[in-house]
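So the protein lines, in turn, are chains A and B.
Going from the first sequence to my numbering is simple: count from 1 and add 1154.
Going from the second sequence to my numbering is simple: count from 1 and add 654.
Treat the hints as calculated values from the structure; they're not laboratory data.
Each residue gets a CB set at the ideal place from its N, CA and C atoms; glycine is no exception.
Any given hint could turn out to be false.
What the hints assert, rightly or not - Derived CB-CB ranges, DEER-like: (1) B:Lys732 to A:Phe1226: 38 to 44 Å; (2) B:Glu706 to A:Glu1163: 37 to 43 Å; (3) A:Ser1173 to B:Glu751: 33 to 39 Å; (4) B:Pro662 to A:Pro1162: 46 to 52 Å; (5) B:Leu750 to A:Pro1266: 49 to 55 Å; (6) B:Gly657 to A:Phe1226: 27 to 33 Å; (7) A:Gln1168 to B:Arg718: 45 to 51 Å; (8) A:Pro1266 to B:Gly726: 46 to 52 Å; (9) B:Val728 to A:Lys1233: 20 to 26 Å; (10) B:Glu725 to A:Glu1163: 24 to 30 Å; (11) A:Ser1206 to B:Asn705: 28 to 34 Å; (12) A:Glu1235 to B:Lys732: 36 to 42 Å; (13) A:Glu1163 to B:Arg669: 30 to 36 Å; (14) A:Thr1180 to B:Ser756: 18 to 24 Å.
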Amino acid sequence: EDQVTQSPEALRLQEGESSSLNCSYTVSGLRGLFWYRQDPGKGPEFLFTLYSAGEEKEKERLKATLTKKESFLHITAPKPEDSATYLCAAQLKGGATNKLIFGTGTLLAVQP
Amino acid sequence: GAGVSQSPRYKVAKRGQDVALRCDPISGHVSLFWYQQALGQGPEFLTYFQNEAQLDKSGLPSDRFFAERPEGSVSTLKIQRTQQEDSAVYLCASSLEGFMGSQPQHFGDGTRLSIL
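Can you build the whole structure from these sequences, using the hints too?
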């Protein structure tokens, strides 16, 4: 069964304390791995797409990396405004849809 | 508008009532998706449209759920004879390409449905 697992479920950091969020995936064939940010009461906001192992993408304090089994979202020197739930999702190859299979998310709290 | 728009933002209904949720995708986007998000969980796929064609409805939880996109733009998700377990946030997303593409899906802020 295609599955995406995120860890930890929740993470509390001090401002400036770097860390990484993990996304493990077990899928029949990966077309793309997506990272989203979700604020309370809002829909997911697109951050990155990764397509192949070894690929990296950066945006401000965030860097996403991909291996054949997992993806990491590295947060460097986080600020309180980085507090949110971070979701990863796998898009599968084949079939008549490009639906996303989401993990349950990591709730990040950055304290000043 | 620039983004995906959903209405209403909040809907409260009594068990057994029918509800209709609306999604206005980004103009020109071919693909449209509906997801259901329970509290503390990630979104779960419900159904997918490419233009007006519903290509995948494998995620719809029962035959009480029905979706349409008759002119290939606005979509409506209808739930008949609502049950308490239908309480969730319903998210709509759109993307530029058809099902062979891997362009990102852009989400609306959802409709929070509460069934009393």
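Tested hints:
Take Lys732 (chain B) and Phe1226 (chain A): their Cβ atoms lie about 40 Å apart, and the range 38 to 44 Å holds. Between Glu706 (chain B) and Glu1163 (chain A) the C-beta distance comes to about 40 Å, which sits within the given range of 37 to 43 Å. A hinted range of 33 to 39 Å holds for the C-beta pair Ser1173 (chain A) and Glu751 (chain B), which are about 34 Å apart. Our hint of 46 to 52 Å for Pro662 (chain B) and Pro1162 (chain A) is violated, since their Cβ atoms are close to 35 Å apart.
The hint said 49 to 55 Å for the Cβ distance between Leu750 (chain B) and Pro1266 (chain A), and at roughly 39 Å that hint is violated. For Gly657 (chain B) and Phe1226 (chain A), the Cβ-Cβ distance of about 28 Å falls inside the hinted range of 27 to 33 Å, so the restraint holds. Range check, Gln1168 (chain A) to Arg718 (chain B): Cβ separation about 47 Å, and the 45 to 51 Å hint holds. Look at Pro1266 (chain A) against Gly726 (chain B): about 47 Å separates their beta carbons, and that is inside 46 to 52 Å.
About 38 Å separates the C-beta atoms of Val728 (chain B) and Lys1233 (chain A), a value inconsistent with the hinted range of 20 to 26 Å. Against the hinted window of 24 to 30 Å, the Cβ-Cβ separation of Glu725 (chain B) and Glu1163 (chain A) comes to about 42 Å, which falls outside the hint. Taking 28 to 34 Å as the suggested C-beta distance range, the pair Ser1206 (chain A) and Asn705 (chain B) conforms, at roughly 29 Å. In this structure the hint that Glu1235 (chain A) and Lys732 (chain B) lie 36 to 42 Å apart at CB holds, the actual value being about 38 Å.
The supplied range of 30 to 36 Å is met by Glu1163 (chain A) and Arg669 (chain B), whose beta-carbon atoms lie about 31 Å from each other. For Thr1180 (chain A) paired with Ser756 (chain B), a C-beta distance near 19 Å keeps the hint of 18 to 24 Å intact.
Against the hints set out earlier in the document, violations occur for numbers 4, 5, 9 and 10.
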